[in-house]
Amino acid sequence: KNQVEQSPQSLIILEGKNCTLQCNYTVSPFSNLRWYKQDTGRGPVSLTIMTFSENTKSNGRYTATLDADTKQSSLHITASQLSDSASYICVVSAGNYGQNFVFGPGTRLSVLP
Amino acid sequence: IAGITQAPTSQILAAGRRMTLRCTQDMRHNAMYWYRQDLGLGLRLIHYSNTAGTTGKGEVPDGYSVSRANTDDFPLTLASAVPSQTSVYFCASSRTGQGSEQYFGPGTRLTVT
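Listed in order, the protein sequences are those of chains A and B. Per my numbering, residue 1 is the first one in the first sequence, and the count goes up by one each step. Per my numbering, residue 1001 is the first one in the second sequence, and the count goes up by one each step.
So here's chain B without its partners, still in its complex pose:
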């Protein structure tokens, strides 16, 4: 069982380019999340999905979009990357309901130049 995987591991991207970060989980979790982690700040929620077919905005959604076509995959797209989107991006998943633990992927380090 792989758990939750992310791709790519790292990426250097020119400003203005489009980029999709991939996230896949094999735990059949209903809920999935995308966070960004910047130095000195806690993880901040970008978008989430409580179940396949639904998505919602988190704390910092601007410049990002997501889709949830099935239970396993939750890609994050940057339509036109900007340098302020340089960050480490973590995907996570959990069962729904109280007390559900989040499981995190290994992260994608993105640098926008």
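Bound conformation, chain A alone:
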């Protein structure tokens, strides 16, 4: 069964600190992996997307990594800001046409002043 797991379930850090969120997946055939940010009461917004051949992708203070051999991805947030408080969702696309999206449960990040 295609599945995406994320850890930790929730995380609290102080403003200015770095953090890393984890995503493990068992999805086949793999098409691509995305990280989304979801603010409270809003829809998810894409941060990064990586295909099988990419092992790192940055978007400002967000850096995603992908290890297709171990089927793991991480999202590293540098110099956190209060506005980073949100849920971060890992989504893996399965299938040859990349339209079967398998969502992880998300990691709830709280950045405190």
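Note that these hints are calculated values from the structure, not bench results. Each statement offered as a hint is correct.
Keeping only pairs whose Cα atoms sit at most 30 Å apart, straight-line, the calculated DSS-like set for lysine-lysine is: (1) A:Lys-71 <-> B:Lys-1057; (2) A:Lys-71 <-> A:Lys-1; (3) A:Lys-17 <-> A:Lys-71; (4) A:Lys-17 <-> A:Lys-57; (5) A:Lys-1 <-> B:Lys-1057; (6) A:Lys-57 <-> A:Lys-71.
Start from chain A and add chain B according to the hints.
Chain B alone, transformed into the frame defined by chain A:
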């Protein structure tokens, strides 16, 4: 450009009543999706449509129906609402093909009493 809009923002509905959640996109995306998001769970696909005139069942389709009469609109209908359908509903759209990013609406919070 509005992107993708949903209506209503929130709704309280008595069990047994019929309800249609509306979704409209102005990006001319071929594919559209309906998800529900429940606490502690990832987004789960209810129904999808790869192109106008076609629809398909997702992971949790029971109790829901959709139609896709044109490219822009993708309404979700609950024929006879039950309390287990209390959830936040997100509509999304994407171009078809590999690597297509999903764009999400702001969500509809539905409470069935």
